[in-house]
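K.L.:
Take a look at the letters that make up each chain.
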Amino acid sequence: MLEPHLERRKVFGRVWESVALVAILLGVAVLLILLVRVFLDGLPYLRPQLFTQFPSRFPDQSGLRSALQGSIWLMVLTALLSFPLGVGAGIYLEEFAPKNILTRFIEINVANLAGVPSIIYGLLGLGLFVRGLGLGRSLLAGVLTMTLVILPVIIVSTREALRAVPASIREAALALGASRWEMVRDHVLVYSMGGILTGMILALSRAIGETAPLITIGALTYIAFDLRGPLDIFTVLPIQIFNWISMPQEAFHRLSAAGIIVLLVVLLSMNALAIWLRNRLQKRW
Amino acid sequence: MLRVPRLLLILLVLAALLVACQPATPGPTPTPQVFVTVVKEQVVVEVTPTPGPVEGTILVDGSSTVAPITMAVAEEFQKQYPEVRVPVGISGTGGGFKKFCAGETDIQDASRPIKQSEIEACAKNNIEYIELPIAFDGLAVMVNPQNDFVDCLTVEELKKIWEPDAEGKITNWSQVRNGFPNRPLTLYGPGVDSGTFDYFTEAIVGKAKASRGDFLASEDDNVLVQGIAGDPSALGYFGLAYYEENKDKLKLVAIDAGDGKCVQPTAETVANGTYKPLSRPLFIYVNRARADQKDEIGLFVKYYLENAKQIVPDVGYIPLTDELYTLALQRYEKRIVGSVFKGEATVGMTLTDLLKAEQ
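Protein chains in written order, with my numbering: chain U, 1 to 285; chain W, 1 to 359.
Next comes chain U alone, as it looks inside the complex (with noise of 0.2 Å):
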């Protein structure tokens, strides 16, 4: 009697794990048929000139040099300037902020910031750094503009990885005198670097990725020179890769594929840094 149906219930919870599993199997074999597709695109390509030439008119001579130098410099001074902010703005929600309303209509807001769509940044950027502080289109105005749309991933991630750790090491630290900041330092943020590298390494592979904010800002086209530094003209892959595609020759959608497995390949091992860093860091308690 306390198992009425035993059969009946055996036979959904296996229907229910074979749609799970045709689920997961329709996602992956999509991503493998596009992999797949592009590779074969792409491989020819794959060669040193890829990396030492400036795109061209001829295929064969086209390289994403400049891209490539824009996607890194944009992914490195991203990554200093959003670090220490997001982070810091995370610890002092999570661990200093008195809690009154003040905090919590920051703390919603923050995490509304996280779901706006980054084309909105570009125009802020447009307005406020391109032409407000008069950076022009520079890669520093992308470099900001890029940091926004990045922040809210940073401070909501550096919060969870906070709120992993637990009261009692908290209480511990401060039983025995040490000051809110010695907590902090010495034992929460040790606990959590883990998480916080994490949320920040996928936070920057989101970046790497967005195109509509830099080409709201006026990321160029077309460079066919080195980048001298933070206030040059920049332009990014996903630029490049978009460019190529719409250009008329089909040796040029060849290109692009072989420029996506460049981005791919530099998110996947930025993801893979991820990993590599929270297993190293990772203390338990």
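The reader is advised that the hints may include incorrect statements.
Claimed, not checked - Lysine to aspartate or glutamate pairs mimicking EDC-like chemistry, simulated, CA-CA at most 20 Å apart:
(1) W:159 <-> W:202
(2) W:261 <-> W:193
(3) W:207 <-> W:220
(4) W:98 <-> W:193
(5) W:79 <-> U:250
(6) W:160 <-> W:202
(7) W:247 <-> W:148
(8) W:209 <-> U:94
(9) W:247 <-> U:250
(10) W:251 <-> U:250
(11) W:169 <-> W:157
(12) W:276 <-> W:256
(13) W:249 <-> U:226
(14) W:209 <-> W:163
(15) W:99 <-> W:76
Keep in mind that the hints were calculated from the coordinates and are not lab data.
Place chain W on chain U using the hints.
P.N.:
This is chain W only, laid out in the frame that chain U set:
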């Protein structure tokens, strides 16, 4: 005890940030001086006519149709003058003019002449510009290769298909011409923000941007190629360069401008104007004040007009006649500002006449 120092600290940090930010905020200036071009030899160049090593940055933006040509010219130019940097942006003709008339770019790529509203915007910011034709482009009208009944369409028929009133009404090939089979008509065309859309509607319907809305639109011409190639009842239009690369997948339709002669777009018919009304000139607009300040702009424009004949066909467009390139160069050297089109309709005028009228 602890409160006061903490507040103090926060204030200190804020103050430090403010101080740090100050030099970076020169206040909102209408003409950003970010792309500082250092022409060290400027004085020397002006005194002695021997061109020394010129350096600087020439900022180009605008039409995605013209961009391949400017990119190709920039590529060659930078080989000869490695110290001059010519980046090219793609903001579309309209988006590019917004930047150009705000003084943010030196040269504007345009797939149509400047419009009245843009002329006013430039005038408001005291931006004078030199309008230079650089190549021809033909708009190709295409059907699926399986379509065996259409070889030629008149402008009237195209208007019947594309005018705003046709929306939801002209949906079958049999409505286009008596004798066409009873087959659904599906339409493909460029997005409404493109200069190609502006030009086609102006040439065919008679008013820029006047078009039916129920067609499949894409900013990416390759998507249109795929669409027409996979749909036996399709009709669509886009730049000739995209047809040239996909000849096996598409069937070109000849155009009868009303005189009973069916003309296919080729390099020859587009250049001599017999393919009408769908051949159009492409332009660059040069900021006059910058051209006077920066010698490298003059070098680039001269290089552009002198080498376009060789470079333009490489990227799938049709060069102007030698005479037109010479007229354009004269126009640049005399610094003739303004548009020969006066912001009005452009279809059916010959460039040579317009440019000569000004000499």
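K.L.:
Could you tell me which of the numbered hints above are not met by this structure, giving the numbers in increasing order?
P.N.:
Those not satisfied are hints 2, 3, 5, 8, 13 and 15.
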